Structure formats: structure tokens, C-alpha cells
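Peer 1: As they're listed, the protein sequences go chains A and B.
Following this note's numbering, the residues of the first sequence are numbered contiguously, the last one being 295.
Following this note's numbering, the residues of the second sequence are numbered contiguously, the last one being 264.
Don't take every hint at face value.
Label pairs and their calculated CB-CB ranges [claimed, not checked]:
#1 W288/A <-> D73/B: 46 to 56 Å
#2 M188/A <-> T222/B: 26 to 36 Å
#3 L132/A <-> R180/B: 26 to 36 Å
#4 T161/A <-> A138/B: 31 to 41 Å
#5 V79/A <-> E137/B: 46 to 56 Å
Derived by calculation from the structure, the hints in this document are not laboratory data.
No experiment lies behind these values; they were computed from the predicted model shown.
Cβ atoms here follow ideal geometry from the backbone N, Cα and C, with glycine treated the same way.
The primary structure of each chain is shown beneath.
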Amino acid sequence: MADIMAAPATSAISLIRPAAARRRRLPVRVPRLARRVVGPLAVIGLWQLVCSLGVFTSVEVASPVAVIDAGRQLWDQGVLQSNLLISLLRVVEGLALGVATGVALAVICGLFWLGEDLLDPVIQAARAVPILGLVPLAIIWFGVGETPKVFLIALGCTFPVYINTYAAIRGVDMKLVEAGQTFGLSRWGLVRQVILPGALPGFLTGLRFALVGSWIIDVVAEEINAQSGLGYLINQAQTTNRTDIMFLCLGIYAILGLLTDVIVRVLERTLLRWRRGFAGA
Amino acid sequence: MNTDQLAVVSRDVRRCFEGREVLRGVDLAISPGQFVALLGRSGTGKTTFLRVLGGLDPDYDGEVLVPRHRAVVFQEPRLIPWLKVLPNVTLGLRPGGGGREALRQQGIGALGEVGLAGHAEAWPVTLSGGEAQRVALARALVREPQLMLLDEPFGALDALTRSRMHALLQDLCARHRPAVLLVTHDVDEALLLADRALVLVDGFITLDVPVTLPRPRDRGHPGFLALRGRLLRELGVTEPGVTEPGPN
Numbered sequence: 015m016a017d018i019m020a021a022p023a024t025s026a027i028s029l030i031r032p033a034a035a036r037r038r039r040l041p042v043r044v045p046r047l048a049r050r051v052v053g054p055l056a057v058i059g060l061w062q063l064v065c066s067l068g069v070f071t072s073v074e075v076a077s078p079v080a081v082i083d084a085g086r087q088l089w090d091q092g093v094l095q096s097n098l099l100i101s102l103l104r105v106v107e108g109l110a111l112g113v114a115t116g117v118a119l120a121v122i123c124g125l126f127w128l129g130e131d132l133l134d135p136v137i138q139a140a141r142a143v144p145i146l147g148l149v150p151l152a153i154i155w156f157g158v159g160e161t162p163k164v165f166l167i168a169l170g171c172t173f174p175v176y177i178n179t180y181a182a183i184r185g186v187d188m189k190l191v192e193a194g195q196t197f198g199l200s201r202w203g204l205v206r207q208v209i210l211p212g213a214l215p216g217f218l219t220g221l222r223f224a225l226v227g228s229w230i231i232d233v234v235a236e237e238i239n240a241q242s243g244l245g246y247l248i249n250q251a252q253t254t255n256r257t258d259i260m261f262l263c264l265g266i267y268a269i270l271g272l273l274t275d276v277i278v279r280v281l282e283r284t285l286l287r288w289r290r291g292f293a294g295a
Numbered sequence: 017m018n019t020d021q022l023a024v025v026s027r028d029v030r031r032c033f034e035g036r037e038v039l040r041g042v043d044l045a046i047s048p049g050q051f052v053a054l055l056g057r058s059g060t061g062k063t064t065f066l067r068v069l070g071g072l073d074p075d076y077d078g079e080v081l082v083p084r085h086r087a088v089v090f091q092e093p094r095l096i097p098w099l100k101v102l103p104n105v106t107l108g109l110r111p112g113g114g115g116r117e118a119l120r121q122q123g124i125g126a127l128g129e130v131g132l133a134g135h136a137e138a139w140p141v142t143l144s145g146g147e148a149q150r151v152a153l154a155r156a157l158v159r160e161p162q163l164m165l166l167d168e169p170f171g172a173l174d175a176l177t178r179s180r181m182h183a184l185l186q187d188l189c190a191r192h193r194p195a196v197l198l199v200t201h202d203v204d205e206a207l208l209l210a211d212r213a214l215v216l217v218d219g220f221i222t223l224d225v226p227v228t229l230p231r232p233r234d235r236g237h238p239g240f241l242a243l244r245g246r247l248l249r250e251l252g253v254t255e256p257g258v259t260e261p262g263p264n
């Protein structure tokens, strides 16, 4: 033993510390939010540069400055606010309806074999139908008012929520269910305290898909058949070659997409505090 | 058999898994307050039998009677990860006359008994293995069970933590006096804790001996060594390291 301890530093085996890979830090501490906006800002900067250099005509691609101008104009006319609000309303209504339906179906199919056998094949088949192919049908069924738009958005939100929540319910650890059973949880208590919270991560994944999908369906539904909304604005802009307005609306969709993502992130952070996942390197 | 004075009655309990008979007629009676250790090599049906008693396995044949108030401590803590420690302990308990606050105090009391009153608001993921298992013990204790079913509860712990848990468990059992069925493959653990040791071999209980050694138990006690040898033989262990105690 003593010999080993006294071995010279130039021994054959080089020893290393078994430390995990250390997180590399920036020399200056930059707030998280600032780091996250760097990417989008760089894209906008590049966009302006390309436009200023005259790579495209202003009809092909409107520059960020032109888009902001168009936005100010429409805002002053009150056009932007009213159309944005109506799109937002449609999305919120459709989303609420769709998410509720998706969760309800997932719970029925996830908890009961009979529910799964009866409903799941139907849902899987319906899921395969392209939602946007239903636009003409929705108009025939529901006319040209708000109902067809909300219906299409709701339908589009139902499936991702259903698929993910249902899979998550079936994936809840049987050991935890057994533990709950032995400690006297009632059937409902088991569902409420063990199965549904356990399925939350899956549900939130489904919700993310639903949020993005709701805006996509909204814009398409409004472009085909509407007198209001962001999609309608884009359609109108097309007839007058106002690329700046089109880009403005697309930009707004992008921002809305970002905002909805933030909402889910906040939900995840509060609802899934019990988890300790990989935090990234 | 007069079942009034018993905490567990099992008559001719059998359990088949896809044609393989794991339990082949288990007869057992446990008195209230008695600490019984069930020994067996892995795969002999110890856990299967415990699951039958715990009500987790409805597909057995035979007759089983157990108290209404029973609690299981599994090999892993099985704490619900999205509930903090305290709601894990009071899981499934309904607030009685005292309401939620009384239930809360009851839970904190149980946590105090396992030395974790300060961890009531912690998330399970932040606990060490020994702490989590103590929470599992508190969760079992808080319902004042007449029967505690322990399925190798200390198997995953290090030796030092395990011996602390042994002391804690003895202390808790002395205070609450539940009937206990401890499933283990550790002969020493059985002899340190139990009033009675059973050996399960091939689906039968082949040995049923009282452990009357004075407490606290001493591994060096000649009676301890004699029983240890006997149990190991029954388990079919003939490793050279195990020395039989001499006649003196």
C-alpha cells in the first residue's frame, strides 16, 4: 500500500476526475429572456438587410420597416385590432371546445376498455381525414358565420389532445396505481390523484400541438370564407398586391404562436414541478 | 380454527401463473401484534403471497382473511411523484371529524415518528432512498394498520441505512403493535426483527419456528446462530462461509 501511495507522478495510468461534463457559461451573465430573443432579432435584421440591398422588389418581399409602417396604418384605422380580436376569439372558442372534447374522449378511452373498443377506432379513422378538406362541408353544414370556423378549429384541436392524453393515461406507472389502491384510494380518487396527474405531461404535449394547429386552421378557414379576421386580411391584401400587409399578418401569427408556447411553458413549470427532467447542457 | 383471535388466516392458498403453480397450498395464521418473517429464495412466491394478502391479486384459490386496515410497504417507496411528502402520507385518507387540519396533523405526526417531520412539503424526487422509504413507512403507519405487509422494504438500502431502519421499525412496531408480515430473503433481518420465522419452499411453508430470542437481538447469541443455521439449511444454502455453531 505504502508503495502505491508513494508512486511518482509519472505513473503509467493517468487518472482523471470523474466529474460530469461541466456546463459552459458565458463570461457575462445574460438574462434568459434576452438570450431567447437574440435569434428572432437576428432573423429580422437579416431580412431588413436583404430588402435594403434590393435583392427582392418590394412587392415580392416587404421589408420589416414597411411591415411596421403597414401595421401602424392599419392600427390607426382600427382594422388591425378588430380583425385580430375576432381571430383570437375564434381560436379561443375552438380551442376550449376541442381541448375539452379531446380530454373527455381520452379519459373515456383511457379508463374503460369498452370506451376504447367503441370509440378509439372511430377517432383514429376521423383523425386521418384532412381537416382542411372539411372546409366546404363545414360551410354547407354551418353556413358562413362563426360556427364553421370554431367547429374546424375545435375538430383540429381534439385529435392531438386525445392521442397524447390517452397514451399518457395508459402509460401511468402501474406501481403507483397499485400503491394508491392499497392505501384505500377510491376509484375516483385514483383517477383524480394518480391517473390524471400522471397523464399531465402527455396532455401538455397534446395541448402544444393543438395551440399551433388552431392558428393554422383559423387562417385557412378565414382565407376561404370570411369577412373578418387575420386570414381575411391576408386574402384582401393579395387582391391589392399589399405584400407588407401579408407579411404583417404572418408576423402576427408568428408572435401569437410564440405567445401560446409561452403559456404552455408556464403551465408546465407550475403543473410539473414534481418532475426533475434533463435540464439541458 | 377460531378466527376471532387472528390477524391473518390463510387456508390452502394457491396461485397459478400460466399453468405454473407458484403457491401450492399455503396455510398460515398470524396473531394480532405478531411479527412474522417470511423467508424464501427468489421466485418461491413470497411476494405473490404478500400481494394476495394485500388485496392486489384477486386470482388466487383458497381462503384468505385479513383485517380491513392494512398497509403495504413495497420494495421501492412508490411515492406519488406529483404529490408532496405530506399528501403522499395521507393518500387515500378521508378527513374525519377533525377535518383537513386534523388529517394534516396526523400525517405530520407519522412523519415525525420516522424522523421526517421537516420534509412534509418536500417533493419525493428530492429525498434519498432511505428517506423515501421512511416516508413509505409513515404512509403505512398513519392508517394505524392491524396488518402491515412489508415486501423486502429494506432490500434496496445500504447496510448502514438498513440497520437504522431495523431499529426504527422495531420501535414503531413496539408502539403500534400491528401484525406484521415481512417478506425477505435476508435470514439475519428476519431473526433481528421477527417473533416467528417461516420458510417458503416451492410454494409450501416448509418451516415455521418461533423466534424467542431476547431483544434487542444479538447476532452473536448462540440461539441466534443456531436458528440462523437451521433457516439457511431449510433455504438450501450451503455456502462454505456459513459456519454451523458448535455444540458448546
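Peer 1: Indicate, hint by hint, whether the structure satisfies it.
Peer 2: Do the hints match the structure? See the list:
{"no.": "1", "hint": "W288/A <-> D73/B: 46 to 56 Å", "verdict": "violated, 29 Å"}
{"no.": "2", "hint": "M188/A <-> T222/B: 26 to 36 Å", "verdict": "holds, 32 Å"}
{"no.": "3", "hint": "L132/A <-> R180/B: 26 to 36 Å", "verdict": "violated, 53 Å"}
{"no.": "4", "hint": "T161/A <-> A138/B: 31 to 41 Å", "verdict": "violated, 50 Å"}
{"no.": "5", "hint": "V79/A <-> E137/B: 46 to 56 Å", "verdict": "holds, 53 Å"}
In this structure, the hints that do not hold are numbers 1, 3, 4, in rising order.
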